[in-house]
Amino acid sequence: MAINLETPKKFRPLIGNAHQVAMNMLRPISRQYDAAEHSYPHELDMLAAMIDGMSDSGASEGAGASAGAKVEKTVDGATRNGTNMASALSIMEMCWGDVGMLLSMPRQGLGNSAIAAVANPEQRERFAGVWAAMAITEPEVGSDSANIATTAHKDGDEYILNGEKIFVTCGERADHVVVWATLDKSLGRAAIKSFVVAKGTPGMVVERLEHKLGIRASDTATLRFTDCRVPAANLLGSPEIDTKQGFGGAMTTFDNTRPLVAAMAVGCARASLDLTRDLLSQAGVTIDYDAPAQNQSAAAATFLALEADWESAYLLTLQAAWKADNRQPNSMHASMAKAKAGRVGSAVTLGCVELCGTLGYGESELLEKWARDSKILDIFEGTQQIQLLIIARRVLGLTSAQLK
Amino acid sequence: MGSTKTTTQGATMRGNTDRFGVPASDKSDLTGFAVGALRQLSNVQLLDRWGVRESVEKLVARATSTGFSTAMTAQRTVRSFTRGGTNATGQRSALAQSRGVFDLTPTEDEQMLVEVATQFADEVLRPDAAARNETCDTSEEAIAGAHEIGLHLLGVPESLGGVSDERASVASVLVLEALARGDMGQAIAVMSSGAVATALSLWGTQEQQQTYLSTLTADDPATASLALSEAAVLFDPALPATQARTTSEGYVLNGAKALVPRGLDADFFVVGALLDGQARLFVVEASAEGLSVEAEPAMGVRAAGTARLRLDGVEVGEHSLLGSAEDYRECVRLARLAWCALAVGTSQAVLEYVTEYVKTRVAFGEPVAHRQSVAFMVADMALELEGMRLMTYSAAAKVAQGKDASREIALARKLCADKAMRIGLDGVQLLGGHGFVKEHPVERWYRDLRAVAVMEGGVMI
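Protein chains in written order, with the numbering used here: chain V, 1 to 404; chain W, 1001 to 1461.
Simulated from the structure, these hints should not be mistaken for lab results.
Just so you know, even glycine gets a beta-carbon here, dropped at the ideal spot from N, CA and C.
Among the clues, some could well be false.
As the list claims (entries may be wrong) - So, partial list: chain W residues that the calculated Cβ filter (under 8 Å) puts toward chain V:
no. : residue
1   : Q1091
2   : A1094
3   : L1095
4   : A1096
5   : G1100
6   : V1101
7   : A1238
8   : Y1353
9   : H1370
10  : S1373
11  : V1378
12  : L1390
13  : L1415
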């Protein structure tokens, strides 16, 4: 026990490797797949195989989003630096390379996180090695995910799914999709369950792919389910509708995934800061950490303010991951990390474009791309406003009925 | 021991102060002069008619709130020092060892210390905060209480009469945070000597430790203050206007330091001055010829008893030079980090206070906390404060391990300066008109939190 916020020593090789991958694999193809939206970066297959190899050897400590809530052995009751932190740190590096590519990483989908968080041991075994996308949002339901309209009806040993899901990251490329559906809309959030649906299941079709502001290397799909029959054993967690337990089960996924999305914003923003620092330095502007900001050039002072906000987001993200690793309640801290990183991701990437002028705005550098990529990170897995609601309710001790 | 010296208190006109903040380009015309004459006349009549001239003048002497220029002298006893020891390197605290693990759990010792400091802040500092804001000082009881706990000796190794066997930077930020949650001004006052004790422990020679540090670790400890700020626009502590010149006997110092905590009470100071183009630290005894202090109250942290320190040809011996030029730079950083810790503590006080307030204040039939526009301001406070806290701890842990924390400290200072002021500002806003009146403490916290971006020195970890 002793306060220390430096990156854990045992994860430094992982961070170093991820950084090398980001630098030498992702960055060189980053612009290419931004321009060629919807074309699959086949380079990622090789990379995914490499990451799987590292996972099997135990060297990676969970390099992708699939880490979730893996059981970690404890060392003499001391603090743990586990898979949540390892994932956050490696995702930061990968997103320093390219956010869209990280989101397209085979077998590292957000659905994998959900499986890791709520699946029973049998399911965890059965779904090991799948690539699972996550389907929650619907045309009429965004942040109020308790109101989803996709239905699941039990029929013998199967559930029959009906409904439309939008904004499904990797919805086309993934081989499985974790779908949220309600067993009985009248029973509210307690009746919402998640189902693992294998690609090719009759009744499930990919309707279209979105054209987007950023993360264009990542496919964002609309899926339609029409009398789609799923084995009952593919329902994650308990099939009982426990109105007392409510949304807890499904929502715990967010406690693990929000710090990871925060990590994406932190990584993307650091790419902008690193390049901008370099470009400013070439222009003769160096950042002095000892001199008062207002005594330095306006560019340096602006940079210092952006970097300070970035550092705050970075540490909040590590804190949320650390709490998850140590089984401390982290719901509020996950939201703090997500809210701060989301807004900082935008402020930093947009600020760096401004600092670098037309060099930042033009496509010759990647700064303009990062300013487009970062925006989604303040939206998916819970918008800025949803995070503030969660934080405010916790701090003020108010229910969702009191603080709407 | 002890010699008597003269302390001058009161307002002195300088810079733009005799123009009441009117820019130099803005000239009075004939009407203006006539209005000014009328004002002076009415002052005389009103004060005499109400019979309050005497009390007004006393007030002015302590706090420069109006355009009066008054000086008064006070006799007080200043400690003298017995030199001893050699010029050899002094004793140092061991560096904290890192296990290379990310951890946000304080040690058991730190947790106990925070508990004690929190209780002290709740029971002694917080109840007296409003009164001390008016009197511009901190009670003997508060200072004695902090000394009894040993808060001023956190940075002093056990072998020198202190309380830590290793570098206690993390403990120091935790304590400053806990104290400032009670009251920032008094927190500075009770930790002022501690800043100097830490500096002497980190950089002092045997002689400096034996001569000066021993007076701070004594049962009836001396008072000391770390004077780095100066009253100048765009002040950079790396280039103080205060000058040190080498003489055959030692050094001669000329200049003035601004907003020095407990300046009127200090037995000695550690002063920043430029020597051969480099900023350095000097130990200066309060009894030195040519040294004078006067009260210099500010917008906030008034309980810290801030004062202007003047050095007019003050001669000090060779033994007065403390540490190297790099040590001076480190001193500036460690002071900034201490201000971050203070910002975290006072911001926490704001958050707790407004949380309670918005949940009980009813408008339009329900608590105002039920409105997103209010609730989101509280959420913003909470998350920005958490970031401030983490950045402060992160830097302190690096300092404790002897690592270069200049980047982390600069970023923590920037974030704390911006977000703490925002928290102070929103704290007043959330109480509406009630936030603006002194019935509630938020207006004081607003004034205190402005200090974070501005102050150099005074406290240190």
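G1100 of chain W as an interface hint toward chain V, with CB separation required under 8 Å:
holds (3 Å)
Can we keep the L1415 of chain W interface hint, with Cβ of chain V closer than 8 Å?
With Cβ-Cβ at 4 Å, under 8 Å, it holds.
So, Y1353 of chain W near chain V? Judge it on the closest CB pair being under 8 Å.
Cβ of Y1353 of chain W sits 13 Å from chain V, so the hint is violated.
For the hint on Q1091 of chain W, does the least C-beta distance to chain V fall short of 8 Å?
At about 23 Å, which exceeds the 8 Å cut-off, the nearest Cβ of chain V leaves the hint on Q1091 of chain W violated.
Return the status of the interface hint for A1096 of chain W: holds when the least beta-carbon distance to chain V is below 8 Å, violated otherwise.
Because about 7 Å separates A1096 of chain W from the closest Cβ in chain V, which is inside the 8 Å limit, the hint holds.
Have a go at the A1094 of chain W hint: is there a Cβ in chain V nearer than 8 Å to its own Cβ?
violated (14 Å)
Grab the minimum C-beta distance from L1095 of chain W to chain V and call the hint holds if it beats 8 Å, violated otherwise.
L1095 of chain W check fails; min Cβ-Cβ to chain V is 12 Å, beyond 8 Å.
Chain V contact restraint for V1378 of chain W - C-beta distance below 8 Å
This interface hint holds because 6 Å falls under the 8 Å limit.
Quick check on the hint: A1238 of chain W CB to chain V CB, less than 8 Å?
With a closest approach of 6 Å, the A1238 of chain W hint holds.
Does H1370 of chain W meet its interface restraint, that is, does its C-beta lie within less than 8 Å of any C-beta in chain V?
holds (5 Å)
At a threshold of 8 Å, is the proposed contact between L1390 of chain W and chain V supported by beta-carbon distances?
holds (4 Å)
Does S1373 of chain W pass the interface hint, meaning its C-beta sits closer than 8 Å to a C-beta of chain V?
violated (11 Å)
Violation of the numbered hints given earlier is confined to hints 1, 2, 3, 8, 10; the remaining hints are satisfied by the structure.
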